[in-house]
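Peer 1: Residue-level listing of the chains:
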Amino acid sequence: MIKTLNQLGSGETGVVIKVYGSGPVKRRIVDMGIVAETLIQVQKLAPLGDPMEIKVKNFNLSLRKSEAALIEVRT
Amino acid sequence: MKFGRSDAGRSIDDTQGGLLMSTKSLTVALAGNPNSGKTTIFNNITGARQHVGNYPGVTVERREGFRRYQGKELLLVDLPGTYSLTAHSLDELVARNVIVNEKPDIIVNILDASNLERNLYLAVQLLELERPVVLALNMTDVAEARGLKINDELLSHKLGISVVRMVGNRNRGTDDLLQMVSDAAAANAHQPFNLDYGQEIEAKIKLVTEALEALTEVKYPLRWLAIKLLENDQDVSSAIKLVVGGFKILSLVEQARGELKVIFNDEPELVIAESRYRFVGEVYRQVAPANNDLGKTTSDRIDNVLTHRVLGLPIFFGIMWLLFNIVFTVGAYPQEWLEQGITWGGAFLGQNLADGALKSLVVDGIIGGVGSVISFLPNILLLFLGIALLEDTGYMARAAFVVDRVMRAVGLHGKSFIPLLLGFGCSVPAIMGTRTLENPRDRMVTILVAPLMSCSARLPVYTLLTAAFFSPQLAGTVLFSVYVAGIVLAIFMALIFRKFLFPGAAEAFVMEMPPYHLPTIRSIFTHMWERSVLYLKKAGTLILVASILVWFATNYPTNIEYSKDYDQEKTQVEESFSAQVTQNILIPLQIENPEDNEALGALVGEIAAINDAKDKAEQALSAAAIADKLDELQQAQSILYPYAMQYYEFEQEKQSETEKIDKEQAGEKLAKSYAGQFGKTIEPVIRPLGFDWKIGVSLVSAMAAKEVLVSTLGTIYDVGEIDEEDSTSLQEALAADPAFSPLVAYCLMIFTLIYSPCLAALAVLRRETNSWKWPAFSFCYSTVLAWIITLAVYQMGMMLS
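Those protein sequence lines, which keep their order, are chains A and B. Numbered according to my numbering, the first sequence terminates at residue 75, and the numbering increases by one at each position without gaps. Numbered according to my numbering, the second sequence terminates at residue 801, and the numbering increases by one at each position without gaps.
There could be a bad hint or two in this list.
[As the list claims (entries may be wrong)] Not the full set, but computed from the structure, chain A residues with beta-carbon under 8 angstroms of chain B: (1) N6; (2) V35; (3) E67.
Derived by calculation from the structure, the hints in this document are not laboratory data. For glycine and all other residues, C-beta sits at the position ideal for the given N, C-alpha and C.
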């Protein structure tokens, strides 16, 4: 199923299809290794529900839900 | 994708060797991701032979160090930690500019072996810069503990460069690295490295490269330039624009980008970044096969507690509470010792200097200034101990993660929380604490609003005014409302600055959560030491100069025409004292001088000692006890006692009269000093706020430090030296002044809260932003804001009453 990353719950995984958006935000996401065919696992949400923590390429990354919404994944 | 090598890449103008000074000296640049242990390795290599400065015109730090190795002098440059080399981030821009402009002899790329894939992404970009690169595979122990096996020989073969294994935290592999650097320098050959971006992009790279070859002024690797242009790199494009023939190339690039966009249905820069990651991924899977990328690590288990859905926030607040208390409560002790030492030093110098301008300058101006510089030092040391611990253990990223939701609501970053919290203690460490914010816009907004947090120096002002004008039942509410006003204003101003001063799309929050690890004592202390030296050197001198200026403004001019002759008044007091003594004591006792009767002198001394005991805290005597003791004396020496008592009373009267005259003179002197004149000049401006010139003078001299407001008011109201902790006499004097009212007192508190940060904070602001513009802006905006808010409060208060 195709979703955006912010729709995944903790423990769920997805494979990146495409990163949307533009400018520095998109570039930063891509520079951190979130490119097509990358496996992502959602670790958890912060105590106030945002941002979220994910595991990608063997390291942990936190990003805001608004940023996660730019990442389209296949679950 | 295949890994191609060719000799197409070339760098023009190799003769401009940047920092290369002699054949025996080698320039080595250390590059790597944040959290790759780069600075630890830098410290291992250079030891104490290092210094920190700034890159010209920007706030990014430049750290350099030296090391002698096998007869060669190595100059090491620690580049800012980056994930990539785009022009989107200042750190990345600085790092790559050092490489392309200064052309270091060797680039050492430090990689976190436990996080190899993403670290290799930077390595590939460094290789594209066509300088000799060697790889230092750091934290191999962590990688092994996680079951990651890395074939470093294969990695070396795949990338065509040398690889060394290291454990920076235990200082392992440092010599191997130095040997490798030395060998690579001796070989003096870099392996050309060309990553194949695929047919379509390669065709465009070739096109642009050929066009660039026609230019004569270019001294950068052409293939790299071509790729950067296709990536729409703003820094490179604007540089090319300035070169003859640059416009033609830019239009060619524009066309090529348009075509690529159609082919890939995405921006070319992203296709290029993806190609790099695809290449890196292939290399990674070959050198470190069969890894479970989603495995739970020890770090994840610690995180399960520290960023827990329910426990996360309480733990965060607990740690913040601890940090605040370490910085300010623990820091208060050494601070007190230092201040005492300075007071003694001042007193000692005071005794050994002749009275006059020099003594006043040294004791009040210089010692006072040095004192205010040094008294911040314990706070700053402890602050950076705390920050180093938070950063090096990895908790800082978690703190930002936990609290970001709140800070984002006001346009700030999760990491802004710590500086703002520190602001309640003191703006100086708060402004210095913004260094943890990587993004310059977040950092600037935080710096500008941090002084609105009510620092501890403002508390004596609040307590003086609340105690003088509000009932004890109301005092708490009044005080609380001032603190809340500061926070509300900070939120409001942060939103405004975000919107108007630093507009544009928000930066990415995307933040690595580095694995937790035990920091080394050495790295923590290096960090602490470095910051403190920087503070003393850069901010300290400014604070000293500012303190001397304020001393000058409040003490000069000296040739004042006083409204009356104070010396004459004092002589009068002296004369009337002598007359009283002669008439009431000397004549009845039939002596010429009080000294002629030794018993009388001794008795006066005893009476004085008994009365003094009343004031001394450690042997405080009740009124009844004093009366008893005096009775005893009276019975023992019934004849002499009445005379002695009378003498004592005359003397007391003389002293208090003289003191009163002195205080009045000090008050008039301050009123007529430059600061006082200025206070009077601005009276029309502050009149609508309910302030008279006395408050004006106090506000001007409180620029030195806000608690100075209390002592200045003390001088003006002729109550003499005011202890900031206990200001009862001043409270009474203020309450008795018709110019003051509870409303004016409240307005003064609000004004003190908001108006310009103290000079020490402005000095640090200048140092931290590396420009005079921001302290000037901070001064203006906060003073104007203070005026507007206080005006509103005063005028509304007047209407209501």
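Peer 1: Is the interface hint for A:N6 satisfied, with its Cβ closer than 8 angstroms to some Cβ of chain B?
Peer 2: Violated: closest Cβ of chain B sits about 13 angstroms from A:N6, beyond 8 angstroms.
Peer 1: Minimum Cβ distance from A:V35 to chain B below 8 angstroms?
Peer 2: Where the cut-off is 8 angstroms and the nearest Cβ of chain B is about 4 angstroms from A:V35, the hint holds.
Peer 1: Mind checking the CB of A:E67 against every CB in chain B and telling me if the closest is under 8 angstroms?
Peer 2: This hint holds: A:E67 lies near chain B, its Cβ roughly 6 angstroms from the closest one there, short of 8 angstroms.
Going down the numbered hints, you'll see the structure goes against just number 1.
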